[in-house]
Each structure stands twice: as structure tokens, then as C-alpha cells.
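Visitor: In case you want the letters, here they are:
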Amino acid sequence: MGIKISDGLLKSVEKPSRYTGNEWNSVIKDPESINIRFAFCFPDTYEIGMSHLGMKILYHLLNERSDCYCERVFAPWTDMEGKMRENNIPLYALETKDPIKNFDFAGFTLQYEMSFSNIVNMLDLAGIPILSEERVQGAPFVCAGGPCAYNPEPLADIVDFFMMGEGEEIINEVMDVYGQWKGTGRTRLEFLEEIAKLEGIYVPSFYKFDYNEDGTIKELIPLKPQYPLSIRKRIIKDMDDAYFPEKIVVPYTDIVHDRIMLEIFRGCTRGCRFCQAGFIYRPVREKSPERLLELAKKLEESTGYEEISLTSLSTSDYTGLEPLTTGLLEDMEERKVNLSLPSLRIDSFSLDLMEKAQKVRKSGLTFAPEAGTQRLRDVINKGVAEEDLLKAVSLAFNGGWNGVKLYFMLGLPTETLEDVEGIADLAYKVVDVYRNVPRDRKGKGLNVTVSTATFVPKAFTPFQWEAQDGIANVHEKQMHLKDRIRSKQITYNYHENKLSFMEAVFARGDRRVCKVLIRAWQMGCRFDGWGEHFNYDVWMKAFEECGVDPYFYVTRKREYDEIFPWDHIDVGVSKKYLINENKKAVEGKVTPNCSVYCGGCGAAGFKSGICEKQA
Amino acid sequence: MVNIRVKFRRGEEVKFISHLDLMKVFERAIRRARLPIAYSQGFNPHPGMVFGLPLSVGVTSEAEYGDFEITDDSLSMDEFMNRLNSQLPAGLEVLAARARQTKQNIMATIAASEYTVVAGAGTDCTERRLKDCIGRYLSQKEIIVKKKTKSGVKDTDIRNMIFDLDFALQPCGGLNIIRLSMLVSAGSKANLKPELLVESLLGILETDYEIDRIHRSKLYVRSGEELLEPMDARVL
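Sequences listed follow chains A and B, in order.
Counting with UniProt numbering, you get residues 1 to 615 for the letters of the first sequence.
Counting with UniProt numbering, you get residues 1 to 236 for the letters of the second sequence.
Next up, chain B with everything else stripped away, as it sits in the complex (with noise of 0.2 Å):
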């Protein structure tokens, strides 16, 4: 048995389909490509495959990550790579494999994201208004929101969830574009939506916005204090 950890980019083509639908891509990728990957015993087989952690429906990302189990040794991890790019449609792009040591899967282990999140907002959405306001909104202590869980809508403090914010003002006909830079926690114990954040951000400024488009560029798994990526030797 060889443990692969992959990285893939998913674009603007495959960024309506949903998390679980996402998994059958590659189940069916993989057995196009002929890999050969391990399955479970019983009575219904599943692949040895596990994703990270699911992107929101309309959200693109050049920072995805699988790992798979495969069962041929003698697998270069750049064949797996290469086999399973000629089997992708188009949007998904495996961007590298690496063999995985640890027996940490990557679900488990995801801690935080990076996302840059582009919204038009109105012409009184200034960058000295934008900047003062995320100045504020950052040095509160806490920052409540209504948060969707699966009993219900629950208020809850995102102010610990906030590691970096950062944005960008270009204006653009009659419109303030925006572009806001965030690191959040991710993952099983704490995860912030972006949009969460921009309503919540935004809301202090009233002004009307629209958010165009989200991607994700990082995801780290945390290592003691360090965040890192998941590609990273001293997370394999």
C-alpha cells in the first residue's frame, strides 16, 4: 500500500458541483486512468480516497487536497499525477502528488484557509472608510455573528477565527472594487465562511456590496504552533 497526497486546483468550470459529487469525479477519474487504487472490504467497496476539506458551492481553488491509497508500490508519483490529469475534466488539475508518511488524514488535520474574496461595492465605500472600518472591526474582542449549525441559527464569536485580513480598493466604473484578503480557521473544530466575515465586516459600513467571485489560495494543517501546508515535508 502507497499513500498519495495530492494537490489540486479546481476552476471556474467545476466550481458549481457539489462536495460529494466532487468525489465521484475522481472515484470515476481513477478508474478511467486504470490506477490502481485500494478499495474497502465489504459489501460496498469504497475507494481509498479522502478529501480535505469541502469548498462551498461557487467557490474556485488552486489549494485542494486528497489523499488516496493505492496498492502498486512500483507507482511513480509522477505517473499517478500525470494519469489522473488525462482522466480530469476540465477545471480539476492534480498540481502535485507526494507520497504521505503520516497517519494523520487530511480531514482530520485541516486548521486554516486563505481566501480572497472580490465584491463591488458602492462609490461612499471609500478605501479611508474601508481600511478604519476593518481597523475597528479587528480591534474588537469579540465579533458576534449568526452562525448556521445544524440545530439552528446560533450567535457566535468569529473574533478568535480571524488570523489576517487585508484588502484592496480599485474603483471601476461606478463601483468600488474590493478585494479582501483573509487567513480563517478551518476545519472539523472551527471554520469561518468567508461570506460570514465579509457580511459581518461590511454590515458596519452599511453600504450595499456584491460579492462577484471567492477562491481559496491556501489551506495549512497545524503543526504545534507553525501553520503549514499540507505538501509540506514536515507534515508527510
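In isolation and in its complexed conformation, chain A is listed as follows (with noise of 0.2 Å):
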């Protein structure tokens, strides 16, 4: 039976909606007649992880088997975590109320390093046990996956087994292997060993790492001869024939997306060397839009959304834009369902799409240059030129826009004072764009936004290699900036990068860094990704009482021939392909679009998307 959580402790804490459950389509089923509990945990609050695409989908796909519930866990909030602690309430599923305890899964998605102290957190307020070895006969099986799992190494001693890559058929075999283990009076050790016989799962125990004296990885050992060397990632390999729920939960409470998400296309054929996503996703694979089409329809039924979001990491570059975006504003416009279109690239077409689709003001456009200077744009393989930028962006204020945020990275490898100081010049070019427009056509008071953040050197990129530029050193290129701003019509906007340095010890940790995750945790650590919550002293205490370098990650250099934590997980992309194309960044050689032509980085391997196209 579920727990009986007060009126009173519900009426005493922030948003209590995000612990209440029951939305349209969320799932009820009888307990009494599932084997299997699954509880889907993300490790944030209700209204980031009801945003999120992957949990939707793999929400509804266990469900779809009469076998399996799946439930949603959310972090509670530290208002919550208090009255859970107080009262001894533990972490529960939203649909039953049921403690995640005496469930057969807790399964997390690991979407940003800093939400890997809440991992721990989590299962503490759940009961369960935190490290992997201590969890016995009955304990859930804690998994992970997500874009965070491809580095696994830091929640290694926590995480029973991973599944690399995507989830679609990975979890229903799993699933299937759990179902016949379960019951039998097996060991927890025997279904590890079966389920790691499937392609793309990872289980940790099953491997020691030996290290060299400077710290650095001499070798991994499987701690059995038959445990694989290489974990491969899964991917599905014909979109249009994947799972997508035609049904999704549509929350009570405001959430950050809170509309209807049509996954256009996964992956991105661009390979800007920074970019973890753009190496992990490959190969590009697309929906076709007739079956975006359908699948927008049926969910406008099913929710009543009054917003469809075309999703993917650059919608621009979808083949079938022009039929699917005609479709959509055909089929929606009499439903008055507003069409959003993130990360599209500025021309006239997509400026005339905008005008078309949203029934919103003309206030800002985006645009993500990275760097200011085409020396770095092309160290970092960022396809766009000044002129495009500047073309695109005289395009938009003859078209009454008079809002630009422009997003940079500093820190990038390679990057000089001039490199900086080329923002600054960027954005005075924006200016001098607007000028030059004349009067009717332009929206009133130009409004150019700045933003940097400090570049988190990922496992998986050309970058991989390179060290992360030092906190002092990335201030000291802020403030160099702040200094060259000096327009009213230009706001620079800048973090604190300390925050920055902690995701790039997880981003390229290994197991060793775990012990300071969860000695942190002890300390207080949660919510690192929130502001308010993040404690950088704390965090370099628990470093320092676990006797562990953070600078060992962050700021050194790594030579080619090093062993990676992440060195037996194969996410397609060859190492040999990343090592080229780091020594083409620092010659500044630029690697053309995967749509052009094939670089050979090795994920043709899957015999899918773009790369069957090209063969």
C-alpha cells in the first residue's frame, strides 16, 4: 500500500504538486499483478525531469508490457527531503506511492555530471543501500543510463549495471532476462552475468582497474575471462519504425517544457569538436515527416498541448523541414497549436518559417558562434563564418527583429586574448548591422545579449585529450571581456566557472572520484546544478579527505597513448578518428559536414541513418 503523506506536510512545502501524482495519462495499473516494478528515477526536480524526452518515451514503452509498471521518481526538493527525513518518509514512486525499496529497479538517467550527487541522495532517502556491494538478495538492481553513462567510471561503485546507449530495446530485453531470473532463487550475481552477455551493458564489479604510479590508467581487468572488453552502444537503427509513445503525462504544474517534444532526428552531422552530443548520437538518423506528421496529430489528441516543439540538436538540418513544417502549420493551425522551432539556423526561409509558425513577438534571436574569432571557430570546427552570421542577423532586423543573444565559449583550446577580445568585436559588428538598416523596416532599441560559458572538455570528443583552462585564467578573460563592452546596447552575461571545474572532474573522472562523490553527498552535497545549492569549499574538502586531486582530472593534459576510464565503451566513433581530428583542431583544419562527406570516424559501423545513405 502507498504512504499516506499528510495534508499538512503537503501544505508546508514548495510546489506540492510535484509530489501528488495522478496526471492526465499518467499510468495505473494493479500492482498486485505485475512481476516486475521498474522505478524510472531522474535525479532533479518534477519540473526538469517531466521535460525530459527519453523519460517520456522509455516511461510508456515499459508500459506497454503487462509485465512491467514503471513509475516516476523525481528529487524532492530540499524543503521535502526535510520533511521526508523528519517523518521518516521514504523516497517513493509518484503513480502508487509505494516505496521505491521494495522495487526490482531504480533506474536513473544520467543527463549532466552535476546531478550525480542527487543519484546518491536518492537512493539514501529510498533505503537503499548506496554502494553496489552492499545491496543483497531483494535490493533493487540500481541502473543508469544517458548521456552521462558513457563515462560510467565515477558512479561505479554505486550503479549495479549501465546500458549504454539508446534505451528503446535495450530495456525490454533486459526486462525479458529479469523475468526469467526472478522467482528462481538465483543469485543477483548470476542475472548480472546474463544481462551482460547482452550488447551495451556495462556492469562495473565485473572489472578492476591497475594504475600507474603517475595516476594514470596502466590497464582494465575483467575480473572473469568471458566479461567483454568492449561495451558497445546500442542505437535504434530505423526511427520511424521506434517506439514513441502516442500518449504522453501532461503535469498539473508548469514545467520548463511544457509542450508536446516531436523528435525530428538523432545525432548531428556537423562534429564540432567540442561537442560530447555530436559524437555520442552518431549516425544521424531521421524520422520521416510523415510519420512526425501522424505522431503530432495523435498527440494533440492525447494531451491537448497548445505547443509542438520540433526537437533535435539542429533543426535546421533535417531533411524534410519543408514538408514537415507545411504539414504541421496546415494540420495545427485550426487546432491554434503554436509550432516551436529551437535551434533552427537564421536565413530566409527559417525567418519566414518563424513568421508563419509563432504567434510571438519578434524580441530575440539566438545564435551560438562559440568563439569570436574564425581562427578558433575553425580550431573548433564550428561551420559558421562571420559573414553568414552577420548576413543572417541583417536578415532578422530588416524582418523587425531587434533582440540577439549570442552564446560563446571561453577556455576553448588554443584560445588567445585576441580570440576573447573577438567577441567583444562580434558584437559591435551586430551593432553596426542594426545601424545600417534602415529606420522602417527595423524594431525599435537594438538589445544584443553576450553569454559565455567556460568550455568542459568530454570524453568521446576531438578535446578529449585537453585540459580545462583554470578558473583564474577563465576569470581573468571575463573580466578582460567585461572591459572591452562598453556599449549600452550590449549586455554581457557570465557564470562563475567553479561550477564548470566540478562537471569536468565527472565529465573525465574515474572510479577513484567516486568515494569524493559520495563523501561530498555526506557533507551536505545536493542540487550542484542549482545555484543556490552548489558549494565549491565542501566539494574540495571531500577531495582533500579522500585524499584525491581534482586537478588530475581537470587542468592536465592527457598524451595520445593514454588509457581513458572510458576506453571499453564503444560509442562507434574510433578513437584513431578523434586523435585525427585533434591534431587537425590544433592546426586549424576544418572537417567537413557528415552530409557532404565521410570522414570514416567509424560509426557507418552501425549500418544506419546518414552513413547508409553515403555508402
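These are calculated hints, taken from the structure and not from any lab test.
For each residue, glycine too, the CB sits at the ideal point set by N, CA and C.
Worth double-checking, as some hints may not be accurate.
[As the list claims (entries may be wrong)] Not everything, but these chain B residues come out facing chain A in the computed CB check (under 7 Å):
1) Glu13
2) Ile17
3) Arg31
4) Gly58
5) Ala90
6) Phe167
7) Asp208
[Stated by the list, open to error] If you want the footprint, here are the derived chain B segments under chain A, 3+ residues with CB under 8 Å:
8) 23 to 30
9) 209 to 218
[Unchecked claim] Computed footprint of chain B on chain A, listed as stretches where at least three residues anywhere in the stretch have a Cβ under 8 Å from a Cβ of chain B:
10) 20 to 28
11) 302 to 311
Build the complex: two chains, separate frames, hints provided.
Guide: This is the structure in C-alpha cells:
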């Protein structure tokens, strides 16, 4: 029976409807008739987790099975956590309010590194042992997937098994094996050994690492000869055949993305060298416009949402954009559904499209040149030339837009002060473009916003060998840039970069940072992605106490022959290709878009999507 | 254009959602039900929908009201109600729908509300003491409480906002369960929250208590001297 939470308690916390469930399209099943209970855990708040498309897909996919009941679990905000601990309320699932301690699986999705402390906290709140070695027969299996699972080692002591790559098929295979295993009296180890035979499953406790004297990895050693030495990610070959829910949960309370998300393709053809998503989601696979139009209709009917958003890494690269948007505008006009088009490259087609699609004011358009000079943009393989950007901005101003947001990164490999100044120069050039647009055409009052984020080197990118720029260095660059931007029409936004430093630890951390994570949690760290909760000093203290040097992971440049903690994970892109890309980066040589020319990254081995079309 | 007044129930399942979120729930249910709701003109069209007095978070009700404007004259009240109900989440249910002629919308006309408050109190709070307490409480010429307003906490006299107050008491375990029924001012002119009344009333007894639940059983509009239910033919 579900836990009863008193009205008084719920009334005393912020946004109680985060904790009460019962939303439209949430799945109700009788737990008595179910063999497998799966707690889908999102290690952040309800509003963030409910905005995540992957969770929507897998939640409904698992619930299609008659032997399985998948329920949702989010990290309770600190006020609710306090009340739960005070009243001995264990972490429960939103649908039945049953404690997840008694479930078969607690599955976490790893979307960003700074949510890791919430995983530890949620396990503790649930009463599930934090370390996998302490979980005995009857405890749930703790599993994880998502982009941050590609470097699984910082969570190696906590997670029983990882699912690498896209979850739609593999999660069903794991459930099938579990259904056979449950109730037979066989051990946890036997179950893990059985699923380790599936492609894409990584069981960290089956391996140990040997280290060199300098702290780098000497060797990964499987504890038994049958454990695989390389774990290859899974992908969905045909996106039109892949499962996609026709109903999604419609929350009561405002969430970050409160709309229908229509996933138009996976992967990205551009190969920007800093971007992890651009490599780990290869190859590019599209859904057809026909399938998307059909899904849009069904989702609109089942949810009543008034907005549809196209989701992908780069909307403009979708080859069916024209028929899709024409069809959607036609189908949805009568329903008064708005179409939102994120990550759209600005040209006359897209401006015209936005005009038709969005009934919003012509305020802000977003551009991400990422670097201030052409030299550095070539280094990172960001295929944007200054004249393209200025042309696009000019088009926008002529069309009545008057706000431009420009996103950049600081601390990119090979960056010099000249590149930093280039950011300011580019912003001023945008202002000049506005000045030259005839008064009667442009909107009143120009507003250019420049935002910089600190570059974090990530695993499986050509920059995985690079050092992150030091906190003080980046700060200096921020101040220099601030000094350069004097125009009232330009606003400069930047953040303290201590959070980026921590992100860098986990992005390329190994098994030894896991104990730091647990120690930091014991010392109170949670919701590190939220400025008001992030405490750098506590983290540094945890490193010190555990005898782990964070700089080893963050500011150290690696050699090409170094063995990385994630080398046994195979995302389909070869290390050789990444080394070559790294060399080309330093030389400032660009690599063409996959849609133009195949660079031989290795993803063709999946025999799917764009790689098949080229072959 | 047809104007429809709807009476609906708001149960345990949805008592923690805010008033603003409730409006969104109805808007999306109407969209799913494909009901021909009228939209306002302009940049951000809004559906023709007005709700009565917002219910505090955590309170259930069997007497909530909303006014809807639809564009199809041929749609019957029953069909409107059935189609809407088929798309409302558990805990929300339309109990009645009637055509509305009056120009005044529900929000502007609410005057009073009837609540039941169930609270657990110590055994020192006996039937006799409580009866005596209510008698004394109501015989006061003015009852000053600290009321939260937009501009801060203000001393307010609530005596004239209490029209009726009754109670029942039942021992249960080591507690006395008090059931207070009250008819109080509601609406934009004067509005008394039941918690505030209970706090000032039981404050006299100096007894420990905890409110278990609050339920709205009726909502009234004023018609001259009379209080009428919003679905009353004389109101509509």
C-alpha cells in the first residue's frame, strides 16, 4: 500500500503538486498483477525531469509491457527532503506512492554530471544501500543510462549496471531476462552475468583497474575471462519503426518544457569538436515527415497541448523540414497549436517559417558562434563564418527583430586574448549591422546579449585530451571581455566557473572520484546544478579528505597513448578518428559536415541513417 | 455564442494544484474534448473561461463554478458536460451545466461560502467548552485578527464576515475530532479563509489542534438580501 503523506506536510512545502501525481495520461496499473516494478528516477526536480523526452519514451515503453509497471521518481526539493527525513518517509514512486525500496529496479537517467550527488541522496532517501556491493538479494537493481553513462566510472561503485546508448530495445531485453530470473532463487550475480551477455550492458563490478605510478590507468582487468572487454552502445536503426509514445503525461504544474516534443532526428552531422552530443549520438537518423505528422496529430489529441516543439540537435539540418513544417502548420492551424522551432539556423527560409509559425513577439533570436575569431571557430570546427552570421542578423533586423543573443565559450583549446576580444568585436559588428538597417524596417531598441560559458572537455570528443582552462584564467578572460564591452546596447552575461570545474572532474573522472562523490554528499552536497545549493568549498574539502586531486582530472593535458577510464566503452567513433580530429584542430583545419563528406569516424559500422545513404 | 455555467467537484486527487494550474487543466481538457470554446482576439488568444473564487491549496470542494463561452449554439448542456467529463483527470468532475443569460460572470458575484473544517484537538477541548467558546466568540461585537493582505499583515474585524457557525465533536482515540461548519464571506469584496476563523476561535480555548481537512460544500452569490446558489434559475 502506498505511503500516506499528510496534508499538513504537503501544505508546508513549495509546489506540493510535484509530489502528488495523478496527472493526465499517467499510467495506473494494479501492482498486484505485475511481475516487474521499475522506478524511473530522474535525479533532479519534477519540473526538470518531466521536461525530459527520454524519460517520456521509456516510461510509456516499459508500461506497454503487461508484466511491468514503470513509475516516476524525482528528486524531492530540499524542503520536502527535510520533511521526509523528519517524518521517516522513504522515497516513493509518484503513481502508487509505494516505497521504491521494494521495487525490482531503480533506473537513473544521467543527463548532466552535476546531478550525481542527487543520485546518492535519492538512494539514501529510499533506504537502498548506496554501494552496489552492499545490496543483497531482494534489494532493487540500480541501473543507469543517458549521455553521462558513456563515462560510467565516477558512479562505478554505486550502479549495478549501465545501459549504453539508446534504451528503447535494450531495456526490454533486460526486462525479459529479469522476468526469467525473478523467483528462481538464482543470485544477483547470476542475473548480472546473464545481462552482461547483451550488447550494451556494462557491469562495473566485473572489472578492476590497475594504475600507473603517475595516477594514469595501466590496465582494465575483467575479473572473469567471459566478461566483455569492450561494450558497444546500442542504437535504434530505423527511427520510423522505433517506439514513440502516442500519449504523454500532461503535468498540472508548470514544467520547463510544457509542450509536445517531436523528435525529428538523432545525432548531428556537424562534428563540432567540443560537442559530446555530436559524437555519442552518431550516426544521424531521421524520422520521416509522414511519421512525424501522424505522431503530432495523435499527441495533440491525447494531451490537449497548445504547443509543439521540434526536437533535435540542429533543426535546420533536417532534410524534411519543408514538408514537415508545411504539414504541421496546416494541420495545427485550426487547433490553434503553436509551433516552436529551436536550434534553427537563421536564413530567409527560417525567418519566413518563424513568422508563420510563432505567434510571438519578434524579440530575441539566438546565435551560437561559440568563438570570437574565425581561427578559433576553425579549431572547434564550428562551421559558421562571420559574414554568414552578419548576413543572418541583417535579415532578422530587416524583418523587424531587434534582439540578438550570442553564445560563446571561453577556455577553448588554443584560445588567446585575441580570440576573447573577437567576441566583443563580433558583438559590435552586430550593432553596426543594426545601425545600417533602414529605420522603417527594424524594430525599436537594439538589444545584443553576449553570454559566455566555460568550456568543459568531454569524453569521446576530439578535445578529450585537452586541459580545462584554470578558474583564475577564465575569470581574467571574463573581466577582460567585460572591460571591452562598453556599449549600452550590449549586455554581457557570464557565470562563476567553479561549477564548470566540478563538471570537468566528473566528465573525465575515473573510479576513484566515486568516493569523493559519496563523501561530498555526506557533507551536504545535493542539487549542485542549482546555484543556490552548489558549494565548491565543500567539494574541495571532500577531495582533500579522500586524498584525490581534482586537478589531475581537470587541468591536465593527456598524451594520445593514455588509457582513458572510458576506453572500454565503444560509441562507434574510433579513438584514431578522434586523435586525427584533435590534430586537425590544433592546425586549424576544418572537417566537412557528414552530409557532404564521410570522414570515416567509424559510425558507419552501425549501418544506419546517413551512413547508409552515403554508402 | 452560448454562455454556460458549470458546477464542478474538486476532490482529494487534485486539491494540491494551484488555481492557475487548474485553469490550464480545464483548457487542455476542453481542447482534448474538441469543445468549441470561444477564443479571445489578439496576439495571445485566451479561451473564454472564467472561474469562481479560487480554492486554497489543500482544500477540496463540491461547489466550484466556472463560466464558459462556446461558439456552437446546437451543443446541448448534457453533451458539453459529458464530453468535458470524459477528458478531466481523476478528482475533477462536472456536476451540472446550465445556460447562462446573466451578463455578470461568476467571479464578480460570489458573496459567501460554506466550509467544513475537520480538526483534531486535545481531550481538554470538550463539547461543553467548545459550545461555550463558540457562544462567547459570536457574541463579540468585533473579532480582530491579523489578516495577510498584499500590503502586509493588517488587523481586520471579521465578525461581520461570519454568517453562521456550528460544530460537532466526536472522541476518537486520544483526540477529540471537531467538525466545524461555517458560512462566511467570500469573494472579492470580503473574503474570510476558514483557517483564520478556526485559529481565532480555538485560540480562545488555548487548546492544541491540527486541521486535518477543509472542504467547501457551497458557494453563494448575493441577490438583493438573499444568498442564492450560482446555478439557481433566478441567478442565471
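Visitor: Please go over all the hints and tell whether each is borne out by the structure.
Guide: Verification of the hints:
A cut of 7 Å between beta carbons decides the hint on Glu13(B): the least distance to chain A is about 5 Å, and the hint holds. Hint on Ile17(B) holds. Least Cβ distance to chain A is approximately 4 Å, under the 7 Å limit. The restraint placing Arg31(B) at the interface with chain A holds, with a minimum CB-CB distance near 4 Å, inside the 7 Å limit. Restraint check, Gly58(B) versus chain A: the minimum CB separation of about 5 Å is within 7 Å; hint holds.
Look at Ala90(B): its Cβ gets to within about 6 Å of chain A, closer than 7 Å, so that hint holds up. At a threshold of 7 Å, the smallest CB-CB gap from Phe167(B) to chain A is about 20 Å, leaving the interface hint violated. The interface hint given for Asp208(B) is broken, as the beta carbon of that residue sits about 13 Å from the closest beta carbon of chain A, more than 7 Å. Counting residues of the stretch 23 to 30 of chain B whose CB lies closer than 8 Å to any CB of chain A gives 6, so the stated coverage by that chain holds, three being the minimum.
Under the rule that three or more residues need a Cβ within less than 8 Å of chain A, the assignment of the stretch 209 to 218 of chain B holds, with 4 such residues. Chain B is given as covering the stretch 20 to 28 of chain A, and this holds because 4 residues of the stretch bring a CB closer than 8 Å to a CB of that chain, at least three being needed. With 5 residues bearing a CB less than 8 Å from a CB of chain B, the stretch 302 to 311 of chain A meets the requirement of three and the coverage assertion stands.
Comparing the model with each numbered hint stated earlier shows that hints 6, 7 do not hold.
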